[in-house]
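Line by line, the protein sequences give chains A and B.
Per numbering that gives the first Met the number 0, residue 0 is the first one in the first sequence, and the count goes up by one each step.
Per numbering that gives the first Met the number 0, residue 0 is the first one in the second sequence, and the count goes up by one each step.
No lab work stands behind these hints, which were simulated from the structure alone.
All residues carry an ideal CB built from backbone N, CA and C; glycine is no exception.
Each hint should be verified, as a subset may be incorrect.
Taking CB as the label site, the calculated pair distances span [to be verified]:
{"hint": "1", "chain 1": "B", "residue 1": "Trp148", "chain 2": "A", "residue 2": "Arg101", "range": "47 to 53 Å"}
{"hint": "2", "chain 1": "B", "residue 1": "Trp295", "chain 2": "A", "residue 2": "Glu459", "range": "53 to 59 Å"}
{"hint": "3", "chain 1": "B", "residue 1": "Leu176", "chain 2": "A", "residue 2": "Arg181", "range": "24 to 30 Å"}
{"hint": "4", "chain 1": "B", "residue 1": "Trp148", "chain 2": "A", "residue 2": "Arg96", "range": "37 to 43 Å"}
{"hint": "5", "chain 1": "B", "residue 1": "Gly58", "chain 2": "A", "residue 2": "Lys299", "range": "40 to 46 Å"}
{"hint": "6", "chain 1": "B", "residue 1": "Ala167", "chain 2": "A", "residue 2": "Arg181", "range": "52 to 58 Å"}
{"hint": "7", "chain 1": "A", "residue 1": "Arg192", "chain 2": "B", "residue 2": "Trp295", "range": "40 to 46 Å"}
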Amino acid sequence: MTQKNYKHFQLETDADNIAWLSIDKANANANTLNRELVDELDSILDELETERPRGLVILSAKTGSFIVGADINEFTTIKNTEQARELIRRGQSVINRIEGLRFTTVALIHGHCLGGGLELVLGCDYRIAEDGVKTRLGLPEVRLGIHPGFGGAARLPQLIGAPAAMDLMLSGRAISARAAKRLGIIDFAVPDRQLKDAARSVVQKPPHKKPLPFWKSATNHGLVRPLLAKILRKKVAAKAPKNHYPAPYALIDLWARHGGNKQAMLQGEELSVAKLVLGDTAQNLIRVFFLQEKLKSLTKNPFKAKRVHIIGGGVMGGDIAAWCALRGMQVTVQDRQEATLAKVIQRAAKLYKKKLKKPRLVEEVLDRLTPDKDGLGIAQADVVIEAIFENIEAKQNLYREVEPQMKPGALLATNTSSIPLDVLSDCLSDPARLVGIHFFNPVAMMQLVEIVSAKNTDPEVIAKATAFTRQIDRLPLPVTSTPGFLVNRVLMPYLLEAVVLESEGVSPQVIDKAALDFGMPMGPIALADTVGLDICLAVAETLSQSMNVDVPDRLRNLVENGKLGKKSGQGFYRYPAKKKGKPEIEKPGKGDYFPPDIQDRLMLRMLNEAQACLREGVVSDKDMLDVGIIFGTGFAPFLGGPLHYIESQNTEALLEKMRHMHESHGERFTPDASWTSVA
Amino acid sequence: MSEKKRPGPVKKMIRPVYVVDGARTPFLKARGKPGMFNAANLAMGAGRPLMARQAFEPGDIDEVIMGCVMPGPDEANIARLLALRLGCDKHTPAWTVQRNCASGMQALDCATQSIAYGHANLVLAGGVESMSHAPVLLAEKMVAWLGGWARARTTGAKLQALRQLRPAYFKPIIALLRGLSDPLVGLSMGQTAEILAHRFDISRKKMDAYAVRSHQRLTAAQEAGHMDEIETLYDTRGHFYDADDGVRADSSVEKLGTLKPVFDRPFGKVTAGNSAQVTDGAALLLLASENAVNKWDLPVLGRIVDSEWAGLDPAQMGLGPVHAMTPIMKRHKFTLDDIDYWEINEAFATQVQACLAAWNEPKYCREELHMRGVMGELDESRLNVDGGGVSLGHPVGASGARIVLHLLQVLERNKAQRGMASLCIGGGQGGAMLLERV
């Protein structure tokens, strides 16, 4: 038995002459592929080729994962296409070498095996993965505006057939070991205790491989590819327009042209990815990725909550409670009405069934979520979150009751979306302890959480709130306690402008389409209907007191007439029961009234408000603002955020537009003071 | 302990045992199909709020003991499931006991012994039954046939096996009905009640009147807010259950008179209306030693002073309570007036009435209970004051724990001192527990 240590690898050859190559990237928690690691792997392959072991098993020395992908930091150092192509060729060639080895190669996978990691194991003869909840396999490259470039696009459709392969690459979703086994990506899914025995057995007695069934291999045939490509393009277009997100289309085109011809595919991958990675979309998405990482590492505070108590079983409170229980905490949820608590449990059960599927896992999480009419959980809670209706007096009365019961050092947080923190904390014996943890609806979908602090809020409390937000796997964004905080404040002028446009006679479909064309994930009118017009009105009215906003009468009228949006069956759109929450939408027609400046009117109000927020210091810097607006409002991620977008445009021209609109549409288009400094 | 002691004739607690808290689910009437909660979820429904209000963590509990007669197929040793799901330490032992209708009381008795003998300081004990989830089984002949079918490999063998299948094999075995029958004497529990009605000459009208009173008492207790040991249950479909739902506030002797006898057809007297309801429910109590009470400053509901188990003719199992209570009365030299409140589980209206009659009949007291005189006439205004099995149901494994918990509530409400809880047990036994407020 021999063992050799390298910088990023350990190579052990056992008594049966099987080589076990552990990837153990130096100074890193997880393995990522970069040039240095790939070069070292290449030289190890030289040695193995001369030593000729009986077989090679590739595994990871990291506890939580196999290879999580390519090193994205390296993407940002790429200057030109030639450099990009060289980097891709390097990765491709080492995987080609593994594929060409003249002894059996086995990849032994546990934890995340993503992107370049999955592409690497596709070069092995056999793949064995741990059948555990942490094992995830996927090719998420499209989420960064590129597509697989280390041979994934060439190999996966051949291995499992085009429909399943393209679905994985186009959606970027990750799948479990069992799903991967079902699809044929891996050969065995075995429990942890059998991983090494399985690898040894496969090397010593390589099992026979079944060929891909005819109907699956036929999907790669030259006559089938153009048809399938057409269907795929149509499916992708429904989710991501080509001018905003070119990568999926490039991938489909590549496969349609060269699928089945490995050499041509590899070369195509190289050219296509090199081009994409330098494009605006990929560069902006990569920037958003890093900003997201920045939010994730905002605090090192060791605060860990075990028990959480939520007061208020409404949609927000109930869903926050359900989410916390799903993330492993013991949760009590308090409400005066048992009927309300019953609905909390119903919604939670639905969420858990969707997320966890297995009845036992659902039961386990439901056991952690306890309806608590009498507030018994307050005394033991590490975090108490108030999520009752927006009324200063009611909240203060509640705090007076709750504060003396709380453990020392426990976090007291409010989910208020509009009341300044210092007004609320006034009644506390320690006003510095109140912090805002502001979630967005629907809690299980919206990653961003605003951490709201007033001037007198204890920095330790803010740090704890931030740590708690990470603990429940949400993205914390520190904001000041100014009306609307960041997200609602930036969103509101845009929504209200949409309402104004609608009352001017523009049809909701036309308005929504203008926003979708810009790159928003949902039109403002549809968004208002989804959030609830009563809630929009309440936020608008709070903001109108402090900002230069008029609340359109149209919004008031709708709410007065009980048209509250999706939840009441009618808002701006109608939601017939038979369509199950989907609006009745007619396609924008030729005769529709279509003001030429509609998109500018919507987006400039949003951009203008973003400028104002930065100037007032609602968030600490430009990056925080961009990432907050992207994750809080869905602002077109491929544009890199509102301020990044302004910078990427001709700022003088944008300002000119603003001035022009100010003249024609009035005060609400007054350019913020900060524009002049930008321009 | 090397020195050998001869067992003394008097039961004596080595360490005092206190009940510090308790909770139960509403008792939900079985409505012909499996209810919304299986037994484990019922136990959790009572256990979670109970644990939420304690000064200690579930991990501080030393032992969990549950009574359950018919756990579901996925509920073997249901006490262990409850312990782990409640968040007790994985090193905490848990076990399930079965003494038919007194399983819940048996669990309390075992917990009492654990604490009394110093094995534990804090024990979670109680009972649970989801009678609506009682299994339906395949006939043995069907099981044998399926075994043969599984071994049949060839088409010929399969055809051969199919030819042996008989329609009768498909007749299911309703485990609940079998469980409520005595296999030795061949009587259903209802028939043993008919025997008692005959023995003590209890009329249909008298038992119906008792049933009506049970419903009236429960209705009054619900209206007065006397059922606060109940914790609301929540299902996953958006409903909640906050009260015993078998109660009929409008019950009357006339209405009950229209029901047909179900056990001795067609001439018997025991009907669904004057028998305990088939019900789902759970009741849990926290028992503590003096150490534990002091350590966490626990409020004491009462003390478990004594208990007794007795056997008798299975055909007269309904008289079990008098056989179990009499030795306790003798041991403490009590007369009926020394007990402030009584809970005798209402398996059947006539069975409770037979117990009272037996204690008041010289012949029975002399021959069966070995007493010199009679025990006397029990004051019914102090018996089952808030209704019982007839009105709120008898989830077999849970009732023993429920009557102890409720009796402690009744004692506290009335600032009374001493109470006796007792049940009859299918198979011919009785169980009783003596409680005192501290």
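Distance restraint evaluation - Arg192 of chain A, Trp295 of chain B, Cβ atoms, bounds 40 to 46 Å: Distance hint for Arg192 of chain A, Trp295 of chain B holds at roughly 41 Å.
Range hint compliance [Cβ, Leu176 of chain B to Arg181 of chain A, 24 to 30 Å]: 44 Å, violated
Range hint compliance [Cβ, Gly58 of chain B to Lys299 of chain A, 40 to 46 Å]: For Lys299 of chain A against Gly58 of chain B, whose Cβ atoms are near 29 Å apart, the range 40 to 46 Å is violated.
Whether the CB-CB distance between Trp295 of chain B and Glu459 of chain A falls inside 53 to 59 Å: The hinted range 53 to 59 Å is violated for Trp295 of chain B and Glu459 of chain A, with Cβ atoms some 30 Å apart.
Assessment of proposed distance window 52 to 58 Å (beta carbons of Ala167 of chain B, Arg181 of chain A): Since Ala167 of chain B and Arg181 of chain A have Cβ atoms about 43 Å apart, the given range 52 to 58 Å is violated.
Whether the CB-CB distance between Trp148 of chain B and Arg101 of chain A falls inside 47 to 53 Å: 51 Å, holds
Pairwise beta carbon distance, Trp148 of chain B to Arg96 of chain A, judged against the given window 37 to 43 Å: 55 Å, violated
The earlier numbered hints that this structure contradicts are 2, 3, 4, 5, 6.
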